[in-house]
Amino acid sequence: MSVIRKHWEAYLFVLIPFVHLLIFYLYPMLYGFVMSFTDWNGIESPSFVGLDNYKEIIFNDEVFHHALSNTILFAILSLLGGISVALSLALMIDKIVRLQNFFKVAYFIPVITPLVVVALIWTLIYTDKGLLNYFIQQLFDVGAVGWLTDKNIAIYSIIVTSIWQGMGFSMIIFLAALQSIPNQLYEAARIDGAGSFQTFLHITVPGLKNTFAFLTIYGLIGAFQVFDQIYVMTEGGPVNSTQTLVYWIYSNFKFLKLGYSSALSYLFFLMLLVISFIQLKLFYNKGQES
Amino acid sequence: MGLKKIRQIRLLAIYSALSFGLIINLAPLAWMISTSLKQPSEIFTFPPDWIPDHISMDNYIGVFEAVPFEMYYVNSIVVSICVTLITVLMCSMAGFAFAKLRFPFRNILFILFLTTLMVPFHVIMIPLFKLTAQLDWLDSYQGLIIPQITTGFGIFLMRQFMLSTPDSLLEAARIDGAGLFYTFVKIVLPIHRGALATLAIFSFNFSWNNLLWPLLVTNSETMRTLPVGMALFRSIRTIDWALIMAASVMALVPMIVFFLLMQKHFIRGLTAGAVKE
Numbered sequence: 001m002s003v004i005r006k007h008w009e010a011y012l013f014v015l016i017p018f019v020h021l022l023i024f025y026l027y028p029m030l031y032g033f034v035m036s037f038t039d040w041n042g043i044e045s046p047s048f049v050g051l052d053n054y055k056e057i058i059f060n061d062e063v064f065h066h067a068l069s070n071t072i073l074f075a076i077l078s079l080l081g082g083i084s085v086a087l088s089l090a091l092m093i094d095k096i097v098r099l100q101n102f103f104k105v106a107y108f109i110p111v112i113t114p115l116v117v118v119a120l121i122w123t124l125i126y127t128d129k130g131l132l133n134y135f136i137q138q139l140f141d142v143g144a145v146g147w148l149t150d151k152n153i154a155i156y157s158i159i160v161t162s163i164w165q166g167m168g169f170s171m172i173i174f175l176a177a178l179q180s181i182p183n184q185l186y187e188a189a190r191i192d193g194a195g196s197f198q199t200f201l202h203i204t205v206p207g208l209k210n211t212f213a214f215l216t217i218y219g220l221i222g223a224f225q226v227f228d229q230i231y232v233m234t235e236g237g238p239v240n241s242t243q244t245l246v247y248w249i250y251s252n253f254k255f256l257k258l259g260y261s262s263a264l265s266y267l268f269f270l271m272l273l274v275i276s277f278i279q280l281k282l283f284y285n286k287g288q289e290s
Numbered sequence: 001m002g003l004k005k006i007r008q009i010r011l012l013a014i015y016s017a018l019s020f021g022l023i024i025n026l027a028p029l030a031w032m033i034s035t036s037l038k039q040p041s042e043i044f045t046f047p048p049d050w051i052p053d054h055i056s057m058d059n060y061i062g063v064f065e066a067v068p069f070e071m072y073y074v075n076s077i078v079v080s081i082c083v084t085l086i087t088v089l090m091c092s093m094a095g096f097a098f099a100k101l102r103f104p105f106r107n108i109l110f111i112l113f114l115t116t117l118m119v120p121f122h123v124i125m126i127p128l129f130k131l132t133a134q135l136d137w138l139d140s141y142q143g144l145i146i147p148q149i150t151t152g153f154g155i156f157l158m159r160q161f162m163l164s165t166p167d168s169l170l171e172a173a174r175i176d177g178a179g180l181f182y183t184f185v186k187i188v189l190p191i192h193r194g195a196l197a198t199l200a201i202f203s204f205n206f207s208w209n210n211l212l213w214p215l216l217v218t219n220s221e222t223m224r225t226l227p228v229g230m231a232l233f234r235s236i237r238t239i240d241w242a243l244i245m246a247a248s249v250m251a252l253v254p255m256i257v258f259f260l261l262m263q264k265h266f267i268r269g270l271t272a273g274a275v276k277e
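Protein chains in written order, with my numbering: chain A, 1 to 290; chain Y, 1 to 277.
Please keep in mind that the hints were generated in silico from the structure rather than gathered at the bench. Check the hints yourself; a few may be wrong.
[Claimed, not checked] Short derived list, chain Y residues pointing at chain A, Cβ under 8 Å:
#, residue
1, 52
2, 113
3, 196
4, 200
5, 248
Beta carbons are placed, not taken as given, at the ideal position from N, Cα and C, and that holds for glycine.
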């Protein structure tokens, strides 16, 4: 007890966060883990079923399989699309002086738009008689495209929406990284007679490496948790074509399959851990060697 | 053709590309505003009307008649402000302790907080819901606020900032007989105003936009926050897009104003942790 008496002030500084961590983080984590081995509807007492939930998910749950492949597709495409648009914007904005801040701020506005609002606006744009179908029909001789109602298209429409919302974020981060590359490097390259493509490849790209690493890790983990757009725009449909992992966890919770959805969330957790681990190995080990 | 000319043409190309991109980028928001000012019969005209013939503010009033929109607003404001204030206070205190104070088990405790960064919210969501139900906090401000008041991320961020607090300053305060709390409030917090603003904006934005947790813990219409109320708007009755867009404008405007007034802080707040300062 003398330790606490001596350091009581310091402990007071961390007391509430620590208690909060125990009650609202560690306890739920443990509780969820135990729950994942049970069959429970939240009302009657839970019955222990061992690994049945996990087996069912991995071997028999077709919706889960859909959700997994959709989530991976969503994550990869929204990441690639977002990063490439953001990088092009940042490279252009970096080159200009006048109006630089204006463009920076204007391209950032979708980032501060609440996701629910974003999803609602795009749902309106994607309706049969919506804005997008009007433009498509001006350009091509086609009928109304079911952007959110065609099972082969819906997921891509949601990807476009997500790219639109997120690209300003990556743009700002790229811009900060570009501006931190020392000017002398560019000058030296110019004196050595390097062309602009060579300069880009040998100075800009290496200078952005850590930023790429950060954005893919952060972006992939964020993209895996996609929920709001799905909830507002398609509710996982049509025919599970936009079903995603978190939406499926949520749906099972709504069906009162609490044990099952806990098992789903633990599998989800495991996947995210594996992804972060692989990415850290990939990016940071390489970074240290060079 | 001189070098100067080439450079000018390149600049012109860049400005044109950026402007064209910006038009596409902001078109959805313009469409939201335009639709919010329309009569129901004008929403789906071919060709689309960007500027409606009869501009009417009826939809903005209609939203309040269709749903308790003022309650969504009040709830969102109360929840976001409480979450932000408590988070900033808790995280800066803990961050300070981890950065500058020495006490047994400090590193173990800090690592414990760091591990929560690896755990997505969805993993604890269902048990947290059960816990909230057991505490009888469903459909209440406590339920909306208390589970969100400290984050491992916030503590980590504050610790990073607070590491730069000069030891000589703390030492001087101690010699002058100032207690730790007095030093923290009067000396430490004021030097890290920028850091506090960063975390505040990050937390506020997160809380203002959060859909999933409020969706789980609220039942009654008058406890809903803006995202929940708006997401459920569609299911209430036949979809009235003009009303929904008017509501969207109203949910977005405070953020835009807030953003334009303090861009620098805002951008730093939302990209916190991504850019080394």
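Hint by hint, here is what the structure shows:
1. Because the beta carbon of residue 52(Y) sits about 14 Å from the nearest beta carbon in chain A, more than 8 Å, this interface hint is broken.
2. The beta carbon of residue 113(Y) is positioned within 8 Å of a beta carbon in chain A (closest approach about 7 Å), and the interface hint is therefore held.
3. For residue 196(Y), the interface hint is violated, since its Cβ never comes within 8 Å of a Cβ in chain A; the closest pair sits about 16 Å apart.
4. Restraint check, residue 200(Y) versus chain A: the minimum CB separation of about 15 Å is more than 8 Å; hint violated.
5. The beta carbon of residue 248(Y) is positioned within 8 Å of a beta carbon in chain A (closest approach about 4 Å), and the interface hint is therefore held.
Comparing the model with each numbered hint stated earlier shows that hints 1, 3 and 4 do not hold.
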